[in-house]
Structures are given as C-alpha cells and as structure tokens.
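There are 2 protein chains.
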Amino acid sequence: MQYQLYYWTGIQGRGEFVRLALEDAGADYTDVAREAGDDAIAPFLDGARDGARPFAPPFLVAEGQVVAQAANILHFLGPRLDLVPEGEAARLQALQLQLTIADLVTEIHDSHHPIASAEYYEDQKDAARRRAADLRQHRLPKFLGYFEQVLARAGGQHILHRHSYVDLSLFQLVRGLDYAYPRAMQTLAPKIPHLRKLEARIAERPNIAAYLASERRLAFNTQGIFRHYPELDGGTDGSED
Amino acid sequence: MQYQLYYWTGIQGRGEFVRLALEDAGADYTDVAREAGDDAIAPFLDGARDGARPFAPPFLVAEGQVVAQAANILHFLGPRLDLVPEGEAARLQALQLQLTIADLVTEIHDSHHPIASAEYYEDQKDAARRRAADLRQHRLPKFLGYFEQVLARAGGQHILHRHSYVDLSLFQLVRGLDYAYPRAMQTLAPKIPHLRKLEARIAERPNIAAYLASERRLAFNTQGIFRHYPELDGGTDGSED
Numbered sequence: 032m033q034y035q036l037y038y039w040t041g042i043q044g045r046g047e048f049v050r051l052a053l054e055d056a057g058a059d060y061t062d063v064a065r066e067a068g069d070d071a072i073a074p075f076l077d078g079a080r081d082g083a084r085p086f087a088p089p090f091l092v093a094e095g096q097v098v099a100q101a102a103n104i105l106h107f108l109g110p111r112l113d114l115v116p117e118g119e120a121a122r123l124q125a126l127q128l129q130l131t132i133a134d135l136v137t138e139i140h141d142s143h144h145p146i147a148s149a150e151y152y153e154d155q156k157d158a159a160r161r162r163a164a165d166l167r168q169h170r171l172p173k174f175l176g177y178f179e180q181v182l183a184r185a186g187g188q189h190i191l192h193r194h195s196y197v198d199l200s201l202f203q204l205v206r207g208l209d210y211a212y213p214r215a216m217q218t219l220a221p222k223i224p225h226l227r228k229l230e231a232r233i234a235e236r237p238n239i240a241a242y243l244a245s246e247r248r249l250a251f252n253t254q255g256i257f258r259h260y261p262e263l264d265g266g267t268d269g270s271e272d
Numbered sequence: 032m033q034y035q036l037y038y039w040t041g042i043q044g045r046g047e048f049v050r051l052a053l054e055d056a057g058a059d060y061t062d063v064a065r066e067a068g069d070d071a072i073a074p075f076l077d078g079a080r081d082g083a084r085p086f087a088p089p090f091l092v093a094e095g096q097v098v099a100q101a102a103n104i105l106h107f108l109g110p111r112l113d114l115v116p117e118g119e120a121a122r123l124q125a126l127q128l129q130l131t132i133a134d135l136v137t138e139i140h141d142s143h144h145p146i147a148s149a150e151y152y153e154d155q156k157d158a159a160r161r162r163a164a165d166l167r168q169h170r171l172p173k174f175l176g177y178f179e180q181v182l183a184r185a186g187g188q189h190i191l192h193r194h195s196y197v198d199l200s201l202f203q204l205v206r207g208l209d210y211a212y213p214r215a216m217q218t219l220a221p222k223i224p225h226l227r228k229l230e231a232r233i234a235e236r237p238n239i240a241a242y243l244a245s246e247r248r249l250a251f252n253t254q255g256i257f258r259h260y261p262e263l264d265g266g267t268d269g270s271e272d
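So the protein lines, in turn, are chains A and B.
Residue numbers for the first sequence, in the numbering used here: 32 to 272.
Residue numbers for the second sequence, in the numbering used here: 32 to 272.
Remember, identical chains collapse to one label, so a pair may be satisfied in a single copy or spanning two.
Within a straight-line C-alpha distance of at most 25 Å, the following computed SDA-like cross-link-like pairs (lysine to any residue) qualify:
#1 K173 with Y151
#2 K222 with G78
#3 K228 with D77
#4 K228 with G187
#5 K222 with Q203
Worth flagging that the hints you see were computed from the coordinates, not collected in a lab.
Construct the entire structure; sequences and hints are all you get.
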C-alpha cells in the first residue's frame, strides 16, 4: 500500500499525528507537499480532484480515496497499519480518545490565537495571555488528568491495552506541550507519571527514534500549533502577569 | 435496540446532534439526565462505571458499550439507524464531514467564550466581539461555503447522495446559526441556497417535524452553544462595533 500525505510544509501541525503513525509502522508514504510544494494541496481544497473534498489539510490519498481530518485518517489507517486493537468497540474507543486529543489540540492552538487564526499573535496578545492562563490552570490539568487516569486504569503501558495510534498521538501531545508550556508542564509533572513514561517509551521505539533523528522531523517552532511564547507560560515579558 | 443518551439538561448543546439522529430514525432511546437528573452523568465521568470513560457528554450507552464524542456516536449509530450510506469509503466521508461540522460548532461556541468556557460571557465580552466579528466575516463564509459546495456537487438533495446523519447535523447547524447570528445569516443567505433548502426539507421529515413540535425539543437559549447576543451579530449594544 502506498500512501500520499498532504500537509503544509514548514510546520509539524496536525499532520504530525498522521506522520507518526506512518513512520512507526514503516509505511510506504510520500509527504507530497514537502516534495512538490504547498501548491499541490490547493486542487484538492478547490474541489478540482476526484474523491471526498477536504476542508483543510491534513488529508491522505490512498486506495483511490481522499480521507481528511486527522482523527478520521488515523481511524482509516489504524487497522491497515496494525495500530489499533481488533473489533468495533476498541476502534470506537480509540477514535473517542483521538477526538479528545484533537479537542485539546484546538484549545492549545487557540491559546495563542483566541481571536482570529488569520491574524497575527501580536494583535491578540492580551486575549492570548488570559486564555493561556486558563489553559494552564484549568484545561491542561483537566485533559491531561483524564488521559493519565484512563492510561493508569488500562495498566499504564498503553491507553488501549496494546500499542496504538492513540499512544503515538499522546507522545506528540506531551512533546508539543513540553515545548510550548515548559513551566506549566513542570508543574503538572507529578500528576502525570504514566503519560511521562509513555512518552519516553514511544521515543525509544526504533522507527520513532529513527524518525525523530531524521530531517523529516521538523523542529517545533512559533508557526505551528504548539508555540512557545514565555509570556503565555506564566513567564514575564515585562508586563504584569 | 435500546439506547441511553446522556447529556446535560436545559440545553440542546452537542447532544442535539445525536438526539436528531435518534428521533429521525424513530429509535427506542432514553434521554437519561432528563429523567434522572444531571447527577446520572457524573459516575461515568468519574470512571465509576464500566466501559470506555467519556471526557464529557454527550455519550451513549448501548450494547454494553459507552460511546462518547458526538461524531463518534453518530459514526456508531449511522449503520444501526440506516443513517449513513453502505461501505467504508462513504462512512469515512460522513465522519469527515461531521468532524468539520464539529470544528465549526467549537468555533461558534468560542465566539461567545473566547477566553475561558468556565467564565461568564460578560467577563470576556470585548474579546467575544472581536472573535464573533471574525466568525461572521471569515469563518462562517468559509465553512458554510464549503458545505454548500459539497452539497451542490452531490446533487443538492443530500450531502452524501442519500439521507444521512450529516444532513440532520447540517439542519441543526443552520437552525442554530439562524438563532444566534440572524443578521449574519441573512447576509449569507444568497451564498447558501442548497443548505437553506436542505434545512427546510429536513424540518418536514415526519419524525423530525413531530420532534420539533414536541416538548423534547428545547428552545435555543443563551446557556447553550448557539447563543444570541445582538452585539455579537453586528448589532449594537450602545458601544461602537
């Protein structure tokens, strides 16, 4: 099976959750825009290509289908890459967890862009400081506490009793938060021991370790979803917090 | 099959997307919290019940499973209620569209709560005015334009060539926006003729018409996701827009 992944160049973004699954499974895939440029994406968004029309990247082209929405792509890939347990109930549980991760990812994005995703961070910085404070104080403890509890209840090794795309996405979530909100994550560390160990185990999986050491793994940066602005992490930028 | 739906009383909320599917199909279901109170929800969120632990309502209990996340619930119900086309490709396309609706629903929620969902609207009103202006001017035209184009391309009657839970959710989306943003929707009307006709057709489906006329259909109100605040709709509350 050959997979074509379409996602904006220059950032990890939501495409990274799909990329980690493809890399972990050693799948044969092309990261199309990185080879052909971002212009390769537009014809799909414009409806000029066959198949389901995506609203936005990431989307995957495989088996003559276009599959969009990161959680939907992982739901499609799970059985094909042996990254989800057998059976409908387990697949629904995986999708539910992935959608909850997606909800948190949106909240993390909105912590630096609470007003308008198309406007500059600098033009919504005051609102961002308020939203990021709420994220740090309320939303991160609630979401990460939930994942920690589900992981602990499942035995601590895997959130679904065996390796899955959800474990890979939790790795990415924790890594992204470590980059964007290091102070907040330091404070939360005692509350999420199983998530921390899961993150470390995923990083040591041979295909993931090779990927992380490769040029294909872009660094986190302040163009992506996870952005490090010290003033949003409870640090100071000269004004009061 | 007997379904138990769990969702907060007093609002339509995200539970309404599930409720419309159950009602349209004439399914045998219990709206548990409306009979037993919101306290019936907590044991599931606390992990005191068997099955997958939900992060938040809505969730459905059926066939010994707990299924959470509205789009995931509809993905589960689709084949059981004959509300999705046959075949994996069509089911993935339905889920992709539903997840795109869910993304817009989150943006609509955040238009009145851009800073913190647990704080009062009045305490984030200035940020809400800015975010709502962006929603009206950029996000709604983009999302609704997308759904309109996909619907038109599919022939205009159904977004998936036949009746599905996605059509029901598009009805709810348009109705909710008509309530919350009547001025913005008036402006957008010429751009979304197929969506408007779809909304009218869904309202006339016998089971939906009966449901909308029943006491089970709560009115939209300013506690839910779709909230009508004239000042967010480009109206005036005494200050400049």
